[in-house]
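Q: Under the working numbering, think of the first position of the sequence shown as 279, with each following residue one higher.
Quick caveat, the hints were computed from the structure, so don't treat them as lab data.
Some hints could be false.
[What the hints assert, rightly or not] Quick list of in silico lysine-lysine cross-link-like pairs, DSSO-like style, CA-CA up to 27 Å:
#, residue 1, residue 2
1, Lys286, Lys298
2, Lys286, Lys350
3, Lys358, Lys298
4, Lys367, Lys341
5, Lys367, Lys311
6, Lys367, Lys298
7, Lys341, Lys298
8, Lys286, Lys311
9, Lys311, Lys358
10, Lys311, Lys298
[Unchecked claim] Okay, the calculated beta carbon distance ranges per label pair:
#, residue 1, residue 2, range
11, Gln308, Leu361, 28 to 36 Å
12, Ile355, Ser305, 30 to 38 Å
13, Pro359, Arg332, 28 to 36 Å
14, Lys358, Glu323, 25 to 33 Å
15, Gln306, Leu362, 13 to 21 Å
16, Leu362, Leu320, 13 to 21 Å
17, Val325, Met279, 28 to 36 Å
Cβ coordinates follow ideal geometry from the N, Cα and C atoms, glycine included.
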Amino acid sequence: MAWMYILKCADGSYYVGSTKDLDLRLSQYQTGKGSRYTSGRLPVELVYAEEYDRIIDAYAREKQVQNWSRAKREALINGKPELLPALAKKKFYKNSHLVE
């Protein structure tokens, strides 16, 4: 099995990753050995995870979610996938006015 996961760091930021062993990876983060980004933002909390049969699928999902806005990540974390399409729309401004 493989996992795509989202961690919430002590500073409120999110970290997205993937792994074959979620428990081991979480313990690595808590001891400061998970990543450079999270090591300075301890403690971290697992707030979301998706299970996959293959690591390549978990990694592909990780890359997708890494490119998402904070609002989209929070919709996923909070179990509100119906909000994702609207949050995916780009907002454009012309002369300081929103144009959709």
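Q: Would you mind marking each hint as holding or not holding in the structure?
A: Hint-by-hint comparison with the structure:
1. Lys286 <-> Lys298: Since the Cα atoms of Lys286 and Lys298 sit roughly 20 Å apart, the hinted pair holds (cutoff 27 Å).
2. Lys286 <-> Lys350: OK: Lys286 and Lys350 at ~14 Å, within 27 Å.
3. Lys358 <-> Lys298: holds, 26 Å
4. Lys367 <-> Lys341: Roughly 19 Å separates the two Cα atoms, so the pair holds.
5. Lys367 <-> Lys311: Since the Cα atoms of Lys367 and Lys311 sit roughly 36 Å apart, the hinted pair is violated (cutoff 27 Å).
6. Lys367 <-> Lys298: violated, 32 Å
7. Lys341 <-> Lys298: Answer holds: Lys341 to Lys298 is near 16 Å, not above 27 Å.
8. Lys286 <-> Lys311: Judged against 27 Å, a Cα distance of about 16 Å means the pair holds.
9. Lys311 <-> Lys358: violated, 32 Å
10. Lys311 <-> Lys298: holds, 16 Å
11. Gln308 <-> Leu361: 28 to 36 Å: The hint (28 to 36 Å, Cβ to Cβ) holds, given that Gln308 and Leu361 are roughly 31 Å apart.
12. Ile355 <-> Ser305: 30 to 38 Å: violated, 21 Å
13. Pro359 <-> Arg332: 28 to 36 Å: violated, 22 Å
14. Lys358 <-> Glu323: 25 to 33 Å: Because 19 Å falls outside the window, the suggested range is violated.
15. Gln306 <-> Leu362: 13 to 21 Å: violated, 30 Å
16. Leu362 <-> Leu320: 13 to 21 Å: The hinted range 13 to 21 Å is violated for Leu362 and Leu320, with Cβ atoms some 30 Å apart.
17. Val325 <-> Met279: 28 to 36 Å: violated, 19 Å
When the structure is compared with the earlier hints, violations turn up for hints 5, 6, 9, 12, 13, 14, 15, 16 and 17 and for no others.
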